[in-house]
Amino acid sequence: MSLREQALVIVRQAIVSGEIGPDEIYSASALATRLGVSNSPVREAMLTLVNQGILESVRNRGFRIVPISEHDLDEIGEMRRMLEVPGVVALIDRAPDEDIEALRPTAEEIDTAARSGNVPGFLEADRRFHLGLLELGGNDRLVRTVAQLRDQTRLYGVNSLAEQGTLQQTAPEHFEILDALLARDAAAVERVMTRHLDHIRGEWAGEAPGAAGKQATHTARDTG
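In full-length UniProt numbering, the protein residues as written are 1 to 224.
Keep in mind that the hints were calculated from the coordinates and are not lab data. Please note: incorrect hints may appear among the correct ones.
Unchecked claim - Here are the in silico distance ranges between beta carbons for each label pair: (1) E98 x A147: 21 to 27 Å; (2) P96 x V58: 24 to 30 Å; (3) N118 x N39: 26 to 32 Å; (4) N51 x S29: 27 to 33 Å; (5) E44 x P172: 34 to 40 Å; (6) E101 x Q6: 37 to 43 Å; (7) R104 x A147: 19 to 25 Å; (8) Q6 x E98: 38 to 44 Å.
Glycine is no exception: its CB is placed at the ideal position from the N, C-alpha and C atoms.
Whenever a hint applies, use it, and build me the whole structure from the sequences.
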C-alpha cells in the first residue's frame with residue numbers, strides 16, 4: 001500500500017469516526033500533524049476525497065466535509081440496495097465455496113471489533129468484507145461504485161452506537177451472508193443483505209441532525 005493509500009485510509013476513518021468534524025476547515029499540513037501522517041500523502045488523499053464528493057476545497061484555507069442531507073442518504077441507500085443485493089446474489093453462481101469461506105476471518109474481525117467497541121477496526125473490517133464480497137463477482141466498476149457510495153455515507157453517532165451494543169447486533173449478519181451464499185440460497189442472501197443495508201440507513205445513520213430535508217451538520221461511516 002502506498003503512502004497516499006495509507007493516508008487515504010486514515011483520513012477516511014477520521015471522517016467516519018467524527019475525528020474530522022463538520023463545519024470545520026482543515027489544512028493538509030495541520031491535519032497531517034494531527035493524524036501523525038506525512039503532509040504530502042495527506043494532501044493527495046484529501047484531493048482524492050474531493051474528487052469523490054466527500055470533501056470540498058476552500059480556496060487558500062483547506063478542506064471541509066461536504067454536507068449531506070436526508071435526501072442524499074435516501075438516494076445512496078437506494079442505490080446500494082440496487083447494486084449490492086443483486087451483486088451478492090449473483091455470487092451464488094460465480095464464487096466457489098473456498099473464496100466465500102476465505103472472508104470468514106474478516107467477519108470474525110468485525111465481530112471481535114464490535115464486541116470490544118473498536119469502531120475504527122469495525123468500520124475498516126466491514127469495508128473489506130463488503131467490497132471483498134463484490135470483488136468475487138469480477139466486476140471492478142461495481143466495486144469502485146459501491147466503494148464511493150459507502151464513502152459518501154457518513155454514519156451519525158456511530159461511536160455511541162458501539163457503546164449501546166448496536167454494532168454487536170449487526171456484526172453476526174456478516175456470518176449469515178456467508179452461510180446463505182454457501183447454502184446457495186438466493187432468497188436468503190437477498191433477505192439478509194437487504195436487512196443489513198436497511199440497518200445501515202436506519203439504526204446507524206438515523207436522521208440527519210437538523211430536520212429531514214435539511215443539510216446534516218454532524219457526520220461520522222462503510223460503512224456498513
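Which of the listed hints are broken here? Structure breaks hints 2, 4, 6 and 8.
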